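Trainee: Residues per chain are reported as follows:
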Amino acid sequence: MVDAATTFTPLASLAGGALIGAAAVMLMAVTGRIAGVSGIAARLFPPYADGELAGRVAFVAGLVAAPVVVLVATGRLPALTIQGNAVILIVAGFLVGFGSVWGNGCTSGHGVCGLARLSPRSLVATMTFMVAAMATVFVVRHW
Amino acid sequence: MAVVLQFAIGLVFGVGLVISGMSDPAKVLNFLDLAAIGSRSWDPSLAFVMAGAVAVTFIGFAVVLKRPRPLFAETFHLPTRRELDFRIVSGPVIFGVGWGLAGFCPGPAFTALGFGSRAAVLFVAAMLAGMLLARWLANRRWLSAIATPTDQFET
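Protein chains in written order, with the numbering used here: chain A, 1 to 143; chain B, 144 to 298.
In short, the hints are calculated from the structure, not lab data. Note that the structure is a prediction, hence the values are computed from the model and not measured. No residue lacks a Cβ here, since even glycine has one placed at the ideal position from N, Cα and C. Accuracy of the hints is not assured; some may be wrong.
Stated by the list, open to error - Estimated spans, in silico, between C-beta atoms of each pair: (1) B/Ile202 <-> A/Pro10: 15 to 23 Å; (2) A/Phe45 <-> B/Arg261: 38 to 46 Å; (3) B/Trp185 <-> A/Val72: 42 to 50 Å; (4) A/Thr7 <-> B/Arg283: 26 to 34 Å; (5) B/Leu286 <-> A/Leu118: 45 to 53 Å.
Claimed, not checked - Reference excerpt, derived from the structure (chain A facing chain B, CB under 8 Å, subset only): (6) Ala23; (7) Val30; (8) Ser38; (9) Gly51; (10) Val72; (11) Gly75; (12) Asn104; (13) Ser119.
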């Protein structure tokens, strides 16, 4: 399997990151909640502890609609290269879903919101999933 | 109104993922590939995504949390726990392995659905199944000796 080459995009990545941060700040201002995608997605299913289901559905719908909006606004979409067969995707998806909810957060909840709040739990979680992900890529690509 | 705003906020979040390149698993994996540092295949873009997102959130939270309350809620729901436990390490280990295998974390997995990717449908279905199992296990009394129940304010 040949790994897809990608281009270093510091300015676009910084700008896109700033938009992600702006969304996290707006969600806090509007709903008073942390913008953690894993927590929002997990609470799409029962049991429902609060009356916030419609808002969570709307947030996830916004995520899914985003590439369509980019396509309509700019006339093109950036690359999306998914490697790995169906078995790998299913195993990886299950691990990502289980691990993010078991660890109370993913890249957004711990990596963005938690670090910005200087939360020690989020710092430990972020360093742990970065190291685990880097080790996994090393094993897959270089062993 | 709050629901419309949350759709718009999800949209901004997703457009950020697409513009930053984080919606592309290949870009994520090329960042995580530390052995490629120094070669042309290493892509440091993800560090810039994180830097931009954390900087804006750090400043923005400081401003917003000075307000008495959110626009559409009684109070701010902020996690208060600080202690490290079994789940805060074991969860990220499991998550990180999955992230390194496919290059998708939960946000980009949802935006990939909007790209029309059929592979993303498989990934998201398995991800939701994993989330449901973790949420169920987290609330089992017989596991509470090793795993503290979920803090409803954490993500």
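Trainee: Give a verdict on every hint.
Mentor: Now for the hints, and whether the structure bears them out:
Judged by the Cβ atoms, the range 15 to 23 Å given for isoleucine 202 of chain B and proline 10 of chain A holds: they are separated by roughly 20 Å. The given range of 38 to 46 Å is broken by phenylalanine 45 of chain A and arginine 261 of chain B, whose C-beta atoms sit roughly 23 Å from each other. For tryptophan 185 of chain B and valine 72 of chain A, the hinted distance range of 42 to 50 Å is not satisfied, since their beta carbons lie about 33 Å from each other. Remark: the range hint 26 to 34 Å for threonine 7 of chain A to arginine 283 of chain B is contradicted by a beta-carbon distance near 47 Å.
Distance hint check: the CB atoms of leucine 286 of chain B and leucine 118 of chain A are about 30 Å apart, inconsistent with the given range 45 to 53 Å. Checking alanine 23 of chain A against chain B by beta carbon gives a least distance of about 4 Å; that is within 8 Å, so the hint holds. Given hint, valine 30 of chain A at the interface with chain B, holds; its Cβ is 5 Å from that chain's nearest Cβ, closer than 8 Å. Interface hint status for serine 38 of chain A: upheld, as the beta-carbon distance to the closest one in chain B is roughly 5 Å, under 8 Å.
For glycine 51 of chain A, the interface hint is violated, the least distance from its beta-carbon to any beta-carbon of chain B being 11 Å, above 8 Å. The beta carbon of valine 72 of chain A is not positioned within 8 Å of any beta carbon in chain B (closest approach about 11 Å), and the interface hint is therefore violated. Of the supplied interface hints, the one on glycine 75 of chain A is violated, with its beta-carbon coming no nearer than about 14 Å to a beta-carbon of chain B, more than 8 Å. Interface restraint check: asparagine 104 of chain A against chain B, minimum CB-CB distance 4 Å, threshold 8 Å, status holds.
At its closest, the beta carbon of serine 119 of chain A sits 7 Å from a beta carbon of chain B; the interface hint therefore holds under the 8 Å criterion.
When held up to the earlier numbered hints, the structure conflicts with 2, 3, 4, 5, 9, 10 and 11 and fits the remainder.
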